[in-house]
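Participant: In full-length UniProt numbering, the protein residues as written are 1 to 131.
Calculated directly from the structure, the hints in this document are not laboratory data. One thing to keep in mind: the hints can contain errors.
Stated by the list, open to error - FRET-style restraints, in silico, Cβ to Cβ:
#, residue 1, residue 2, range
1, R72, G25, 31 to 41 Å
2, R72, G104, 30 to 40 Å
3, V127, E101, 31 to 41 Å
Stated by the list, open to error - Below, simulated EDC-like cross-link-like pairs (lysine to aspartate or glutamate); rule was C-alpha separation at most 16 Å, straight line:
#, residue 1, residue 2
4, K84, D60
5, K118, D93
6, K84, E6
7, K84, D64
8, K84, E61
9, K84, D68
10, K122, D93
Ideal Cβ positions, reconstructed from N, Cα and C, are used throughout, including at glycine.
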Amino acid sequence: MVVFLEGDLGSGKTTLVRALLRRLGHTGPVKSPTYTLVEVYKLSSLYLYHFDFYRFNHPDEFLDAGLDEYFRQGALCFVEWPEKAGTYLPPPDLRVVFSQEGEGGRTVVLQPGSEEGKRCVKQLNSVNPNA
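Sequences are here, hints too, so could you generate the full structure?
Facilitator: This is how it looks when you write it as structure tokens:
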């Protein structure tokens, strides 16, 4: 599953990934991949990859770094600043769009891009129907 995380600096993209990892049982550190491009987390039978392309100057850097190999069946890929990788990324199953609202407030909008994304949003809505 490919999830695009979109929003300004400090909008909560890495915080969301950190919370998800904690919920999935990860107890180790969760770092922003701004300088490493990708952080890898092995969770029982699941690989979660957290990417940050903020520092890309050109989309070709995605291919130069060999990052296309991470986007395979069965992996969970969270991508910050996906627009910096241009058309090299697969289409997202889910877009999570963060926006700042007033003093310290945030709005998060979930936009499914595939059947898997629709199932994910439906499941999240069933857990918290008022969100």
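Participant: Run every hint past the structure and note whether it holds.
Facilitator: Do the hints match the structure? See the list:
{"no.": "1", "hint": "R72 to G25: 31 to 41 Å", "in the structure": "violated, 22 Å"}
{"no.": "2", "hint": "R72 to G104: 30 to 40 Å", "in the structure": "holds, 38 Å"}
{"no.": "3", "hint": "V127 to E101: 31 to 41 Å", "in the structure": "violated, 22 Å"}
{"no.": "4", "hint": "K84 to D60", "in the structure": "holds, 9 Å"}
{"no.": "5", "hint": "K118 to D93", "in the structure": "holds, 8 Å"}
{"no.": "6", "hint": "K84 to E6", "in the structure": "holds, 11 Å"}
{"no.": "7", "hint": "K84 to D64", "in the structure": "holds, 14 Å"}
{"no.": "8", "hint": "K84 to E61", "in the structure": "holds, 9 Å"}
{"no.": "9", "hint": "K84 to D68", "in the structure": "holds, 14 Å"}
{"no.": "10", "hint": "K122 to D93", "in the structure": "holds, 13 Å"}
In summary, the numbered hints that this structure violates are 1, 3.
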